[in-house]
Amino acid sequence: MDQPTADTLTQAPPPDAARQREALRRMLLIRRFEEAAEEAYMRGAIHGTMHLSIGQEASAVGACLDLETGDYITSTHRGHGHCIAKGADVARMFAEFFGRETGYCRGRGGSMHIADIAGGNLGANGIVGGGLPIATGAALAIRQQRRAAVVMCFFGDGAVNEGAFHEALNMAGLWKLPVIFVCENNKYGMSVSTERSMAVPRVAERARAYGMPGVRVDGNDLFAVHRAAGAAIARARAGGGPSLIEAETYRLRGHSRSDRNRYRSKEEIEHWRGLDPIPRLERAMRDAGVLDAAGIAALRAEVEAEIAAAIAFAEGSPVPDPGEVTRDVYEGGIAA
Amino acid sequence: MNAIVSIDTGPEGAACRDISYADAIHEALRSALEADERVFLLGEDIGVYGGAFQVTRDLVHRFGEGRVIDTPIAELGAAGVAVGAALAGSRPVLEFQFSDFATLAMEQIVNQAAKLRYMLGGNASVPLVIRMPAGAGTGAAAQHSQSLEAWFAHVPGLKVVQPATPHDAKGLLLAAIDDPDPVVIFEHKLLYKTTGPVPAEAYRVPIGKAAIRRPGRDITIVATGIMVHRALEAAERLAGRGHDAEVIDLRSLRPLDTATLIDSVTRTTRLLCVHESVKMLGIGAEISAAIAESAAFDRLDAPIRRLGGADCPIPYAPGLERAAVPQVEDIEAAAARLIERGE
Ligand SMILES: Cc1ncc(C[n+]2csc(CCOP(=O)(O)OP(=O)(O)O)c2C)c(N)n1
Ligand SMILES: [Mg+2]
Chain R
1 MDQPTADTLT
11 QAPPPDAARQ
21 REALRRMLLI
31 RRFEEAAEEA
41 YMRGAIHGTM
51 HLSIGQEASA
61 VGACLDLETG
71 DYITSTHRGH
81 GHCIAKGADV
91 ARMFAEFFGR
101 ETGYCRGRGG
111 SMHIADIAGG
121 NLGANGIVGG
131 GLPIATGAAL
141 AIRQQRRAAV
151 VMCFFGDGAV
161 NEGAFHEALN
171 MAGLWKLPVI
181 FVCENNKYGM
191 SVSTERSMAV
201 PRVAERARAY
211 GMPGVRVDGN
221 DLFAVHRAAG
231 AAIARARAGG
241 GPSLIEAETY
251 RLRGHSRSDR
261 NRYRSKEEIE
271 HWRGLDPIPR
281 LERAMRDAGV
291 LDAAGIAALR
301 AEVEAEIAAA
311 IAFAEGSPVP
321 DPGEVTRDVY
331 EGGIAA
Chain P
1 MNAIVSIDTG
11 PEGAACRDIS
21 YADAIHEALR
31 SALEADERVF
41 LLGEDIGVYG
51 GAFQVTRDLV
61 HRFGEGRVID
71 TPIAELGAAG
81 VAVGAALAGS
91 RPVLEFQFSD
101 FATLAMEQIV
111 NQAAKLRYML
121 GGNASVPLVI
131 RMPAGAGTGA
141 AAQHSQSLEA
151 WFAHVPGLKV
161 VQPATPHDAK
171 GLLLAAIDDP
181 DPVVIFEHKL
191 LYKTTGPVPA
201 EAYRVPIGKA
211 AIRRPGRDIT
221 IVATGIMVHR
231 ALEAAERLAG
241 RGHDAEVIDL
251 RSLRPLDTAT
261 LIDSVTRTTR
271 LLCVHESVKM
281 LGIGAEISAA
291 IAESAAFDRL
301 DAPIRRLGGA
311 DCPIPYAPGL
321 ERAAVPQVED
331 IEAAAARLIE
341 RGE
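Chains as they are written, first to last, in our numbering: chain R, 1 to 336; chain P, 1 to 343.
Because the hints were derived from the structure by calculation, they are not lab data. Any given hint could turn out to be false.
As the list claims (entries may be wrong) - For the chain P half of the interface with chain R, some residues (derived, Cβ under 7 Å), not all of them:
| # | residue |
| --- | --- |
| 1 | Tyr-49 |
| 2 | Ile-69 |
| 3 | Pro-72 |
| 4 | Pro-315 |
| 5 | Pro-318 |
| 6 | Gly-319 |
| 7 | Ala-324 |
Ideal Cβ positions, reconstructed from N, Cα and C, are used throughout, including at glycine.
Based on the provided sequences and hints, a complete structural model is requested.
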């Protein structure tokens, strides 16, 4: 069998002006959603912890831009961006974070389990690598039911060292399933750098072991991510099988709310702040004459209003009744 | 969270300082690393990050990356590496970042570590220590809040302890490191910042011995981990109602100190078991059965009662999360009912 090569994944045509505008809108929405969630956490309106993807918006949005209703994603603990990129309603997301009955998981899951089953988001995951075999399984179901859909599976660089990564990619490659594996390589799994955790430097190289094409792209460049993801989606939809995309990016915030950033330097963080995908996309769109400064300002105002309305909705929503704590363990009630 | 009642368990006359539960574990690890060069730590983010709960803090600077090893995120592999190293003469102390992730490593823990000595005719030893931050109350939801100690206590070949105080956290950990067999330690996350008296020197708390934290005449409340503190607070409230509760800190699930339990229930004639792990098939069921099978059964003046986690995963919303595990008022109400109404 011919080994598929990275070239297979570089050919998707660029999004048109309207879709570029939509991509920017989603990236801004993710950024403002997370900044507002962080602020709500700080004032005590949200409990627990949360993992922000600030700085990684291009990989989430670029990977999801060519997805359609009926396609699935699986996500991670750092999953707010994936959820919004797949089209979720930020009001119901805030409601979930605030622990309200109107949230996507009726307040049972919180940030780490944000999901939108009806919208095709099979869920964030508290378990590193947990979503990988689930994505392969969803792709198997798509095949069994002869649907044209695909699965977009997000995971971090840390997850590639779990057995689940290897088992999931092997089965997907073996059975040529319609799934796209997107590794958001942000250089660290919590405090441990990829240099200190991976025996080979590139995640994309591992694709060879599972009979699928692998490509590494600039994950902070919306167009680069979209080019590879669009090609992989088209390939999967046409029955060509799975692909692996490694999107190089960086999380500008700490791992979680309790991170003291002892394992990386201020200079490194500043360097990556200069590569922030949002100003990069805005600049590219302005230079190409797709959107002028006034257009960008209007888009930002639109996003701002959506965030404010979403928070108001969440804050006005009821909290769950503690008497219902054992509801939904099983369909139709309680077994024991 | 309810206030933590301080329990003075320091040995007579020893120089004790009040330090936190996390610091007590840190101190035990440090003294074991100093005392025995076969001892090493492995886990996720235990080096410069200091562990998710800052238990291992500066140990990597003191002992180097060869003895405080940051593993990749690979729980099954790390557990297997620890088993192999233990088999070959090292003394690994493995930290799971959250006990929930031990589910990824059950193969090595249950099929390998627990069984090797027996399967190999007594010729092999797996002196492995596994530390498990566990429990609800932090808003971390269903995959980061479980209490799975009963799973491990069900496996012959493992020992399972659950320290409730800084004193026991240090003493049980040092005993576990000395132990020639695998010992699993459940540390409740809400306890890390609680403080109590801890002797400065190294000492051991015997594995398999329960501790009576509060002697009483009317009822025996057997509790584990954080529930010991809630039971003590409930006992204070019960005292205000004229009831004298005995509170036993189980400390060790396997081996189980049935002698102390039987003796206590024989005196008090009532038993209430309290744990955070799901009630169904929890350690309370084993304790209840041990009492029912013993001579203490004839002395009972009321049915045995158990309080445990609700029959559901731990939910995220604060009100739900609180409702999912026993609280002080639940313990007080259950004990009062047993004493006042015999039910
Ligand atoms: C099985 C498992 N092990 C460990 C953790 C704790 N943990 C949560 S996120 C994380 C780092 C994950 O790194 P990566 O996959 O690179 O994703 P990133 O956080 O960088 O987005 C760790 C160690 C977990 N949630 N699940
Ligand atoms: Mg990472």
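Hint check results:
1. Satisfaction of the interface hint for Tyr-49 of chain P is found here, the shortest Cβ-Cβ separation to chain R being roughly 4 Å, below the 7 Å cut-off.
2. The criterion of a C-beta within 7 Å of any C-beta in chain R is not met by Ile-69 of chain P, whose closest approach is roughly 10 Å, and the hint is violated.
3. Among the interface hints, the one on Pro-72 of chain P holds; its C-beta lies about 4 Å from the nearest C-beta in chain R, closer than the 7 Å criterion.
4. Interface restraint check for Pro-315 of chain P: the shortest CB-CB distance to chain R comes to about 5 Å, inside 7 Å, so the restraint holds.
5. Contact between Pro-318 of chain P and chain R, as hinted, is supported at the beta carbon level, the nearest pair being about 6 Å apart and thus within 7 Å.
6. Residue-level restraint check for Gly-319 of chain P holds (minimum Cβ-Cβ distance to chain R is 5 Å; threshold 7 Å).
7. The restraint placing Ala-324 of chain P at the interface with chain R holds, with a minimum CB-CB distance near 5 Å, inside the 7 Å limit.
Going through the hint list in order, the structure does not satisfy hint 2, though it satisfies all others.
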